[in-house]
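Chains as they are written, first to last, in the numbering used here: chain A, 581 to 712; chain D, 581 to 712; chain E, 581 to 712; chain B, 581 to 712.
Simulated from the structure, these hints should not be mistaken for laboratory data.
Possibly wrong hints are sitting among the right ones.
Where chains are identical, the list cannot tell them apart; a pair therefore holds if satisfied intra-copy or between any two copies.
Said to hold, decoys possible - Lysine to aspartate or glutamate pairs mimicking DMTMM-like chemistry, simulated, CA-CA at most 20 Å apart:
(1) K587 to E707
(2) K591 to D610
(3) K641 to E683
(4) K587 to D610
(5) K660 to D675
(6) K641 to E707
(7) K587 to E709
(8) K591 to D617
(9) K705 to D675
(10) K591 to E707
(11) K660 to E709
(12) K641 to E709
(13) K641 to E583
(14) K591 to E709
(15) K641 to E669
(16) K705 to D617
(17) K657 to D610
(18) K641 to D675
There are 4 protein chains.
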Amino acid sequence: MFELPQKVLFKHCDPAGIVFYPRYFEMMNDCVEAWFDARLGWPFETIHGAGGVPTAAIATKFAAPSRHGDQLVLHLKVIKLGRTSLTYEMTATCDGAMRFVTEATLVYVGNSGRPTPWPAPIRAKIEAEQAL
Amino acid sequence: MFELPQKVLFKHCDPAGIVFYPRYFEMMNDCVEAWFDARLGWPFETIHGAGGVPTAAIATKFAAPSRHGDQLVLHLKVIKLGRTSLTYEMTATCDGAMRFVTEATLVYVGNSGRPTPWPAPIRAKIEAEQAL
Amino acid sequence: MFELPQKVLFKHCDPAGIVFYPRYFEMMNDCVEAWFDARLGWPFETIHGAGGVPTAAIATKFAAPSRHGDQLVLHLKVIKLGRTSLTYEMTATCDGAMRFVTEATLVYVGNSGRPTPWPAPIRAKIEAEQAL
Amino acid sequence: MFELPQKVLFKHCDPAGIVFYPRYFEMMNDCVEAWFDARLGWPFETIHGAGGVPTAAIATKFAAPSRHGDQLVLHLKVIKLGRTSLTYEMTATCDGAMRFVTEATLVYVGNSGRPTPWPAPIRAKIEAEQAL
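So here's chain A without its partners, still in its complex pose:
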């Protein structure tokens, strides 16, 4: 499983002193971006220009609020690999306590903006991730 530490910063928090939930989606995107870079060796800055990996669907349950200063860890696990898509589960925990659980599907699109099969070497790396 891939992990990304993320301290809750001032910019993430709302007037109630807890994470404003759209900011969680930025954290999730950062985690996916870090995973593509660290595990697939295919950073977003390389993918973009020639294509992209837009999110087609995302569903999140927020289990408990996160406060300014909390040391979160985001965990990403691929749960399904399609011909042109992948589905991941992501959780965020703080000292082992759950903060959110997300399931999301993203799609690889080429220059055309249309769903495109994963390049073979990338597909092999995603499969290796699933086998972990």
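Let chain A serve as the given structure and place chains D, E and B on it in line with the hints.
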């Protein structure tokens, strides 16, 4: 049904020239905030300080990308009213074409941060909204 | 002078319940984008693709904090027009009281990413704005 | 001098593929927050609740655009310490090349929201930072 127009602005868009999906969640929050103000007469700036309406769960399907300059309309409809919660469906369309569909549940919390029954006059207004 | 109303929304505010200052810069960008559209007839979605108007310098003094629910008005005035640049002053007020004063310079760049003279019809419109 | 590395991520970039300048102000705020934590031992999550350090003025020159994937380093140096305020200079570089230079003044405010003298132990640490 409540509607909020939202032009896609420069700030919403990513290097692919389409809306960065965490920005959609800001738009959704703006729409919920505008609905509380316009339809319930209970603006967020009044609720906060004494409580809040955090989002407990949210699930979104993105049907098609939105581009810079697109004239979106967000549509909000309450689909379920609980003792301390409400569930809404929100869609965004552009010239009638679907861009996203969201279903989300938010919870009313009082000073304590714990789920709290809706105040009776607010509950009555939400029921009136459902009856529309 | 060009004016854009902007209510302070939940998303703009920090744990102190006042506008998080990077959010002010988003408001400023929205105001410049609205001015290009409304007054120059040259919306950002048309400019981009073939060029852009990046900000080269910006200086802001924050006179007083803005709170959630405040009804701000942003005011934009061109104070200098260069061959490839323009300098504007922007203020934000709430019920006439000053919240911030900004002076910023943006540069027109073409496809090349290099400073490019304003197209003549746009230049004429900017001059008309200055004469108001 | 205090340094904070910051890779340019997807979320920072606009349709032109370069950093959207309000995102730079978030990076600056992150750098100030990290400096308070690492060098003053006074993290924002401790300061807030009992006060804050709002920005009173900020002026930035953008020397060159930053692209997705760029490895920036932010550098913070205190250049003036007042009774209730401090002024810092911050630069961002990429492989030694300048991207922006900022000068900003922030003010310590107590519970009242009014400028308040720095606590003596904090003042001593800021002076030690200046002496570096």
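Which of the numbered hints above does this structure break?
Hints 1, 5, 6, 7, 9, 10, 12 and 14 contradicted; others consistent.
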